[in-house]
Each structure stands twice: as structure tokens, then as C-alpha cells.
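Listed here are the chains, written in short residue letters.
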Amino acid sequence: MSIDTGERSDPPARAESRQWTARMRNAAESAFPPDQLLPDRQPAYMASWIYVFGVLTVVSLAWVIITGCILAIMGPSWWHVSTAGHFVNSLHLWSVEAFFFFMVIHLWGKFFMAAWRGNRRLTWVTGVISFLVSVGAAFTGYLSQQNFDSQWISTQAKDGINATGAGAVWNVLNFGQMLMWHIVLLPIGVVLIAGLHVLMVRRHGIVPPFAVGDKDSASETAPAVAVPAEEPA
Amino acid sequence: MFLGALLGALINLNGSGRYIHWGFIQISVANFVVIVLMVVVFVLAILLPFPKRKRGGQ
Amino acid sequence: MSPDTKKRRRFNPDRDVTPWKGAYVPYDILKEAFVAFLAVAVLIVLLAVVFSSPDEPAITLKSWSVVNPVDFAQTAITELDGTSATASYGPPYNSTPDSSQHIGFFEPEQWFGVHQPIDTAQDFVIGPLRTLPNQAVTQAALTLYQSASPGQQTAWTTAYEKAVANATDVNGRLHVPAGRYGPVGAIIGSLTDMAQTGGLDGTLLSEGQFYNTNYTKPLLFLADGTYLADQAQAQHLTGSQWGMMNETGNYPGQAWLWLYTMWYQVAPMNSSSNGDLEVWAIMMVLSVGLIFLPFIPILRSIPRWTRVYKLIWRRHYRELAGT
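Chains as they are written, first to last, in our numbering: chain U, 1 to 233; chain F, 234 to 291; chain L, 292 to 614.
If you are wondering where the hints come from, they were derived from the structure by calculation, not from laboratory data.
Here are the computed lysine to aspartate or glutamate pairs in the EDC-like style, where the Cα-Cα straight-line distance is at most 16 Å:
1) L:322 - U:40
2) F:285 - L:319
3) L:453 - L:362
4) L:353 - L:484
5) L:312 - L:610
6) F:285 - L:610
7) L:453 - L:372
In silico negatives: residues of chain U with every beta carbon more than 10 Å from chain L:
8) 20
9) 140
10) 183
The model shown is predicted, which means the values in this text are computed figures rather than measured ones. Note that CB positions come from ideal geometry on N, CA and C, so glycine has one too.
Just chain U, with the same shape it has in the complex:
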């Protein structure tokens, strides 16, 4: 008598292509073939330390979230009453400083490479939006400190935000509201947009260098027709 060990003996049949599931899977596979999603090689021109600042930004964000989760375990007042809590708060603050430090250098590098070229404009757009949403996330963090700094920042920032009309709903003096934006809504926003940004990079690849002779649009080495970015084979 055979025993069912739970292992599949036959491959799953391919479902009909009208299915949402199949269509989504096929779209994901064609947009992100596995060896493009997790490539083990890069173009030879990727030979500069400036290229590590993207990954440094991402891992700094990871540390912001990890240290934030530890602070969340013990609650927003913990760091005022515990040395260990204060240390975790310090880790959280310095990982935010590192995050912005590396992100801005990454932005400078990508600007001087004109990294939006070759159909990579959405990569640039998602990158800048991540930066702006991160500034908002950091701002709500400063508001959530429950100390003199957050008292001053909130009472000053209210004037700027009220002037736009947003203060009618988004009340920086409301600690509960600002804390929930800081630990729920804005982290989700940052991770989603930054995630989209990284997927864009995987989809279109690292931007090639300017061609030799790229002084004007009539270049000898450039084709007359604009071509889309070619992903690494």
C-alpha cells in the first residue's frame, strides 16, 4: 500500500490563460524573469563605488524598520524610562540619519549618470517620490518623540500645514494620529514605493554610460531612432 508523503509526482497543469491567476503569473514572469529579478551578473561598466549607495540606502531602511519594530514592542514611552530603550532609540535615530545620508548620495550619483535615460524615467520618478515620502515619515517620527523637540516641531509645523488646508484633517498636534501615520501608513508607503523603485531597476537594468560622442542629438554612434532599454539577456 503506497503512503502519501505529500510530494507532487506530476507537475501542475497549466491553467487557462483567461484566469486572473494565470494572467498575473504570466505577466509577472514576463516582466521579471527569475534571472533578471535576481541576476548574478551585471554590465561591465558597473565598476564604481557610487553604485553601492542604492543598496546602502535599502539596508539602512531595513534597520530603521527593525529598530522601529523593537521600539513598537515596548511602546512609545519606553525610551524615556529605560536605558535599553534609549539605546534602541539611538539606533533608530542614527539609522534614519544613515538612510538619508546614503539616499542623497545615491540621488547625486544617479543625477550625474542621468539614470533616467533609456525608458528609466519611472525609476527616477519612484526614487524621488520615495525620498519625499521618507521626509514625511521622518517628520511624523520627530512628532512622536513625546519630548520638548516634538512639542516645538508640532507647534511650528502646524502653521505650514494649516496654511495648505491639510491641517483641518491632518493634525500634527494630535500625537495619536501622528504616531499611527508614523508606524503604519507612512512605512507602508515608503516600502511600497521603494519596492516599486527596486523592481524598476531590475526590470530595466542599470543605465549604460553616455555613448562616446554624445555631444548632441546627431551622434555618429547613435541610431536615428530611439530604442527602448535592453535588459541583460
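Dock chains F and L against chain U, hints included.
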């Protein structure tokens, strides 16, 4: 709480801050150091040689 | 889309690329990410151990009224007579006319209206004092004040404002010169006492509920006085000190806000009553410009003109020249 912060640091950055006044610009020494560091790191990142890799990654 | 149906357009080196047909090298991106993860961990632990983080304790209505009862009383009377910054703020707190910031016809503060209603006389003075049991003198003063005509109330509050301008702090106790301010002296004196016991902090926050996380009222009251601003000035945090970028002490702050705060230092924003909206509008335009930079001619040519890329890709160009 302040004592805890003091004990938790090897270098105490609390106390009255130091500021640079240059024309209409006022910037803390701390922020100035951070910005200068960023420029230095950016320049180094571009200028420092990157390790060579063997070709033919398939 | 097939090449035939693709729109033919001229190659633009600031927008387009020639596809890479050159060599590839092995690159372990997961190992790189892991090494970076550890490197940043070491960095932040070092920074946390060496520098820690700031935590200046919050000020309270209690600490304010104990340290500076005169400033507290001078603020309290403006809450009662409706001349404080909060009382005359307009939306979203109240409907004071001509108080909203605007650029031309664009006046979003007014359009969104009052959604965080504050009546400073009731919310900051009369309401909290009414919660005090066994305070016959205070309750009688409140009843006398509330039953008087608006003209009489104004006469009393105006007289008190004149007198409290010369008030003194005698061993932490508020001493206001005599004047024809009727029950207002007792009202403000009682509120100062309430603040000094800590009762006002609790009452303003709780709003009669057990749980509350909305600090709008105590923060607005604090911000109406000069004590909070004096502490901020000492820490270099005020607007004219580029304070938006700064942290307390010698800690690095929010250097990424340099451009936002810079506009507050330049004319006309630095003296305009619509300064906040004007700066916000400028930053909106610049942010949208940064987002859509790849679409903006001239700006998107700067990388090619400045030739920093020649340094970044110098190995690639050397190899090209060698072949």
C-alpha cells in the same frame, strides 16, 4: 532621563549647540559636518578605484 | 509594440541610450546586500554607543507656570479675552475673519474650514476652572464674569491686561497690581494656581474623557506663551535661526530640510503674513520639478554638460579607447 542619556554616550552632544553664521546662513556644526562628509564620501565614491572582476559572467 | 508601429523620433542623448552589447561580469547582489546590512549595523551601533540620542524633557503647563507665572498669566488673559494667537488664528481652530493665508484667490486654509474647533475662553480658562470642586470664590468669579455684558467683560479684561503687564513673581506666586478688573483677577489667579498644581495639564488633555492621545489644547496654550519659544530660541530651533534643520544640543538634525527652511530667510517670505503658504508653494513646484526632471529640457542635460559621468565610467571609456 537626562542622566540616562548622558551615561549612554561616550561623547555628550547635549548642552548648548555650536553654530556657524555665514552671511544669512546659520548652520549647526553638526549639520555642517554631516553635509561636508556627504560631499567627501560622494567624491571618494567616484574617485576610488573599484575592484576588477573577471569577464564572462554567464 | 513592433518597431514598425513604434513612433520614430530623433535620438536624444539626455533621454535615450544605445543598448549595451558589451561584456557582463559576475555580481553577487545578495552577498552585496548582506555585507551592506552588516556594515550599516556596525555603523549605527557605533554611532549610538558614541553619541546616543537627545531627549530634552517636555515642558508642561505646570513647569511653565511655576518657572514663569507672569508669562503664564499674561498668556491666560489673552486666551480669556480672545486676543491670543490661537484665539485669532482662524481655520482650522475658529472662524476669525481675514486670518487665513492666501496667494491671490488661493486660500485653502479658509476653504477647508474649521475642523479642530477651539474656543480659547471656554476651553482654556472657564471650562477647566469649572471642573474644580469646593472653590466657591473661583466659581462665584466665573459666574459673575459669564453673566456680565460683553462690554463689561471687555472692560475687565482690558484693565487686567494693563495690570498684568507689570505683574511680578514673588517666590513663585503671581502678584498682579491692583486694578478695576473685577472677577478677572480671581479667575486668572485661580487658573495659575491650577496650572502650578499640574491640574490644568490633565484637564486640558483629557477633555473629560479617560483616554486621550490628542494634545492639541495643551500644546496650543503652551505655544501662545513666550516660555516655549524662549526655550526653543536657546536651542537654536526658531524659524529665523534655520531651526527646521536643527536638533537640540549638538546633534545633527534634519539637514535634508535645508531648502525648505532657506526660503523662510529670504524676502518676501521672511516678513509675509502668507509666508507659510508661499514657501509651501515654492517647495511644491521644486519637488514636482525634481520628480519630472527627466522630462525637463536643459535641466536633464546638466549631467552630460558637467561630465562627472566621465569620472564614474572612466574604466569603461578607457577600455573602449583601447579596443
